[in-house]
Amino acid sequence: MKTLTRKTISAIKTYQMIENGDKIAVNLSGGKDSLMLVYILCEIKKCLCLSFDLIAITLDMCFENKCTDFSQVSSFCKMLGVSHYIKVSLLWDLIFVKRKEKSPCSLCSKIKKGILNDFATRLGCNKVALGHHFDDAVETLLLNLFYNGTFECFSPVTYLSRRNLTAIRPMIFCKESRILSCAKEIGLPVLEKLCPFDGKSKRESVKKILKVIESTLCPDIKDKLFHALTKSGISKW
1 MKTLTRKTIS AIKTYQMIEN GDKIAVNLSG GKDSLMLVYI LCEIKKCLCL
51 SFDLIAITLD MCFENKCTDF SQVSSFCKML GVSHYIKVSL LWDLIFVKRK
101 EKSPCSLCSK IKKGILNDFA TRLGCNKVAL GHHFDDAVET LLLNLFYNGT
151 FECFSPVTYL SRRNLTAIRP MIFCKESRIL SCAKEIGLPV LEKLCPFDGK
201 SKRESVKKIL KVIESTLCPD IKDKLFHALT KSGISKW
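Going by my numbering, the first residue of the sequence shown is number 1, and it counts up by one from there.
One thing to keep in mind: the hints can contain errors.
[Stated by the list, open to error] Distance windows between CB atoms, simulated:
1) 197 with 231: 29 to 35 Å
2) 148 with 233: 17 to 23 Å
3) 16 with 209: 31 to 37 Å
4) 147 with 2: 35 to 41 Å
5) 2 with 219: 35 to 41 Å
6) 218 with 71: 41 to 47 Å
7) 2 with 90: 39 to 45 Å
8) 31 with 205: 17 to 23 Å
9) 196 with 147: 18 to 24 Å
10) 231 with 46: 31 to 37 Å
11) 72 with 100: 28 to 34 Å
Think of the hints as simulated: they come from the structure by calculation, not from any bench.
These figures come from a predicted structure and were not determined experimentally.
We treat Cβ as the ideally placed atom computed from N, Cα and C, and that holds for glycine.
Hey, can you work out the whole structure from these sequences and the hints?
Below, the structure is given as structure tokens:
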């Protein structure tokens with residue numbers, strides 16, 4: 001846990017992600033990454049000389065047109081002293097029933113971000129914290145390279161001018177394997193993944209490619225790619 005906290009603090013300082021007076025909304029899906037982000041940010045509030053407010057927002061996509069049970073997540077937030085808001089949407093019906101999207105991931109992600117950012121703004125937040133980590137950055141880099149022919153990735157800090165909101169990714173230096181082990185150690189209330197496309201996306205294909213390269217060619221391929229990313233100068237890295 002100390003490693004994750006240290007690396008998160010390092011990212012916050014490197015990219016000046018948090019300032020005094022910020023009101024930050026964590027995009028809390030109920031997965032291990034977003035739950036860990038809430039937990040770490042609460043821990044960091046105790047040791048950093050920064051005064052900021054923290055809330056959590058969960059978007060309920062209502063899979064199979066049924067509301068999801070987020071009671072464990074809400075209890076977890078209450079234990080941490082973090083206000084938890086649940087925004088109910090009809091995304092399942094729109095994307096999977098009405099539009100019948102065969103490759104819905106990109107569209108779904110964009111719509112979810114729009115809904116969450118709008119809700120965060122209405123709650124008076126000036127920043128939104130996302131649970132993207134080290135592995136997400138490497139995978140996104142390869143996704144753009146393979147499918148778009150570009151050397152691009154999301155930024156550690158992104159200013160969204162339309163909503164006067166800033167998206168930050170405090171766990172960008174944290175590796176997924178460490179997050180997973182710590183989530184189990186702490187006993188985070190990780191929810192079961194309900195999306196029918198879980199494990200079938202292009203990102204999942206990239207994960208498999210990286211595993212093959214790690215086991216047969218270059219064990220530290222992710223470290224090398226991340227290093228290349230940080231030295232590239234793209235996307236404010």
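We went through each hint and held it up to the structure:
no. : hint                     : verdict
1   : 197 with 231: 29 to 35 Å : holds, 34 Å
2   : 148 with 233: 17 to 23 Å : holds, 19 Å
3   : 16 with 209: 31 to 37 Å  : holds, 34 Å
4   : 147 with 2: 35 to 41 Å   : holds, 37 Å
5   : 2 with 219: 35 to 41 Å   : violated, 25 Å
6   : 218 with 71: 41 to 47 Å  : holds, 44 Å
7   : 2 with 90: 39 to 45 Å    : holds, 42 Å
8   : 31 with 205: 17 to 23 Å  : holds, 20 Å
9   : 196 with 147: 18 to 24 Å : holds, 21 Å
10  : 231 with 46: 31 to 37 Å  : holds, 33 Å
11  : 72 with 100: 28 to 34 Å  : holds, 32 Å
Violated hint for the displayed structure: number 5, the only one.
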